[in-house]
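Order-wise, the sequence lines are chains E and G.
The first sequence begins at 1 in the UniProt record's numbering and counts up one residue at a time.
The second sequence begins at 1 in the UniProt record's numbering and counts up one residue at a time.
Don't take each hint at face value.
Some chain G residues judged to face chain E by a derived CB distance under 8 angstroms, without partners named [unchecked claim]:
hint: 1; residue: Phe-97
hint: 2; residue: Gly-102
hint: 3; residue: Leu-198
hint: 4; residue: Ser-290
hint: 5; residue: Thr-301
hint: 6; residue: Ile-305
Source of the hints: derived by calculation from the structure; they are not laboratory data.
Just so it is clear, the structure is predicted and the values come from calculations on it, not from any experiment.
Glycine is no exception: its CB is placed at the ideal position from the N, C-alpha and C atoms.
2 protein chains.
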Amino acid sequence: MALRGGAEGATAAASLRSEEPSKSSRQTGQEAAGNCLRIGIVLSGGQAAGGHNVIGGLLDYLSERHPGSQLIGFKDGPGGILKKSRMDITEDIMAEFRNTGGFHLIGSGRDKIESKEHLAVAAQVVKDLDVDGLIVCGGDDSNTNAAVLAEEFASRGLKTCVIGVPKTIDGDLKNSQVATSFGFDTACKVYAEQIGNLMMDALSAKKYYHFVRLMGRAASHITLECALQTHPQAAIICEEVHQQNKTLADIVDEIADIVAGRAEEGKNYGIVLIPEGLIEHVPQIGALISELNELLADVTTDVQIHDAVMTRLSPANLAVFEFLPASTRQQLLLDRDPHGNVQVSRIETEQLLLQLVDVELEKRRKEGKFAGKFAGITHYFGYEGRCSFPTNFDAAYCSTLGYVAGALVAGGKTGLMATASSLDKPCADWTVGGYPLIDMMCIERRRGKDKPVIKKALVELEGPVFKAFQQMRRKWAQGDCFRSPGPIQFSGPNADAANFTLALELGTTKQINIA
Amino acid sequence: MALRGGAEGATAAASLRSEEPSKSSRQTGQEAAGNCLRIGIVLSGGQAAGGHNVIGGLLDYLSERHPGSQLIGFKDGPGGILKKSRMDITEDIMAEFRNTGGFHLIGSGRDKIESKEHLAVAAQVVKDLDVDGLIVCGGDDSNTNAAVLAEEFASRGLKTCVIGVPKTIDGDLKNSQVATSFGFDTACKVYAEQIGNLMMDALSAKKYYHFVRLMGRAASHITLECALQTHPQAAIICEEVHQQNKTLADIVDEIADIVAGRAEEGKNYGIVLIPEGLIEHVPQIGALISELNELLADVTTDVQIHDAVMTRLSPANLAVFEFLPASTRQQLLLDRDPHGNVQVSRIETEQLLLQLVDVELEKRRKEGKFAGKFAGITHYFGYEGRCSFPTNFDAAYCSTLGYVAGALVAGGKTGLMATASSLDKPCADWTVGGYPLIDMMCIERRRGKDKPVIKKALVELEGPVFKAFQQMRRKWAQGDCFRSPGPIQFSGPNADAANFTLALELGTTKQINIA
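Chain E on its own, in the form it takes in the complex (with noise of 0.2 angstroms):
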């Protein structure tokens, strides 16, 4: 278990490096003063497997370099900020929980610190408690919060430094000085696993197709990555939907030339791969999400929604609506998530694609066209993956982080990011330091208002991972080529490998071992 127990090793850097995190960030008026710290530290968000590593990584940085300190956990989120919810964490409690899955050592949440009151009352807790730093273990949106925090409290005066940690199973927080985001690793392997057991379940059945939904609402890295890891005939990527334009019917009928393709040859079975978020990057569902986002936005019961729907809507969009599956359009107005959006994660898409695939075969066959035999079976892997036991990769990821944020707030830096790089190189070469957050935010419209957040990394579709995938993907389509990763590993001879997403963008490798 080389990376598994490899964070001191990686420490060693973190601890060399911090003194020097880059140029561009910013200092508060006061350095820590002493050699005792006080440090806080949140969870932001949904899980992601490795958070509890980040804890772990910050308690040794303090034990090893500021023996004495002491070390105060943010309960169920940022919430637990403004409440002063809170814990000590100490070594007893810590020792339990280092490589286990889950934020429940001291809880998550989806609350913002986002209004001038909200700031104000954080501002007054972290004086309180006399925290010299602040750690914010997030995705984009918590560490746009982490970023707004930083400048609050330097604006004030005060001097606790915020560092973000960047956290999301859906890998889309990541930039050139971010190679990846925590939990992307385990999620996919997770997930990988699943579907190599039900391809190898279809290829000795041969009766069915499996269309799978996965998680990944912005971006499809993970379907991306799985698609890598298992091979499978179909894998939508939304960044190319969106970038051709296509329509639902495109889909599905790229999806049934497969099937009908592979009929010809006998083989009535495959897998399908499907993003979470697939429905709203089809850019004419897309625009109807986007006006129903924005429509919606203040609208709660069911009679304001409705009118909202039936009488503002504009006519293409009411006709893109109107074309919808009831159920999926039930689906499209469900709860909405604290932003306002819609939940897409709640749309069963891979259901309403294998309606819309199965329609179509069916014409087909009337047309003469098809004589095969068409079975589906639907799944959604979501929940599953963001909670495992962190990969040794992620293990050893999330330890580092934690030590190096610990090191930035020693340091006295705030408004960065803790970063470590060199992944491809063993644990104890990592190089790790901090870039700035505000460096990576733009402008977005979210609740029907500008807002400057933290730009989404996603699929770019002349990189090397999708180059990768593009290559193989007709290959896969027709023949059988699964893969099945089996289950995740921690020692044994390829228990430390990163997911080939991140070899690839890393140019580890230039061509994986995907025929």
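Following the hints, position chain G against chain E.
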């Protein structure tokens, strides 16, 4: 990986024991002539992890003990015998399938060799192919079939021995001589990994109840084992439901009581495990399904089905039928399986229960008896568990059974099931033998007719496995005693451990760590 490579150890025992199998075994008139053997193998029914290792173990036996022998794989199930659809399995081919999941080396199928005509064809085929033995890997039905074939071949004076191998992830093919069926260990551990992940998610997010349906139609062994592995808030055991004559309303009440009890402590989350066979084990619904199975045995069109239900169903069962939600009624009438039975696995019992629990809690809320939150998410873990890489236990058990099956054929034994016992000892000390299939058989009603079948082993409510669960379940219901066992490991400290069910039944442990 002691067990994984350990089949060789056990096979030493196998070869010793195979010369003296159970006294009650019947011998064919003819012993296998010469040193070379021709053995056929067929995989029947649903996939179970380890099938390829049975073939590998059989090939090892032939290579080591009867060099120059031929191993014939009948393709895509028993139908492959009738069609003479087959392939030679050599070490070159076998090499890449050892320790892998799935049945795709030779495929599987659900055809049955039952009619006089089919039995005659099968006899002609084994005669034409000059095979000394036929190994049938399957569940209760397939092994019943194996017994019939053994009888048929013997009565025709054919030399072909028939040996069964116990395969079913459901774990319901076991008895005093057959410790377990292969695939059960792996399937339970695949499901337990996912359930454990969901638990950590529930505990971290603190806002959902996950209702998880698991495979296991006739018996609830999988649900029981998964409960011991993970410690959920509730796990429904069909055998108990049946014995206590519980209604759906009783079950819904019990779950609602647990939810309400936890809500009083502010815990609005948890996990409920549900075996897929539940609704036919609720006696009132079991009676309905049983009558439907008889009524619809020879009925195919929608109109006939509707007529049969509305005009011929007894008034009591019609009332129960009409009490069910429309979606469930629809599911009860879906395509029948090849035995003419309701496809119980298609019924989304987890959805049904979630809806009914929600209704019950809303009722209690109005009565002022429930003030908590209740939000549910449903899951079905099924196909994912059938084709995983086998656990070390299943890998070794299957290699051993394959080896033993070869030895039994070489010894001229027929109508036996290959067995391995002392499974609580290290693999090299397992003892092996054969147990007469006919000793496992009884009479059951199928498609409205009496038929000899192998009796399914149900969960014993007075047995040590259920007792272990019963002892802990109240504590698990109210507390947060979640256990996340993590992904199956192939090396490391616990990689070789078999499941709790087997350990408790073998008396290896009186009490397992289920606190």
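What are the numbers of the hints that this structure violates, sorted from low to high?
1, 4, 5, 6
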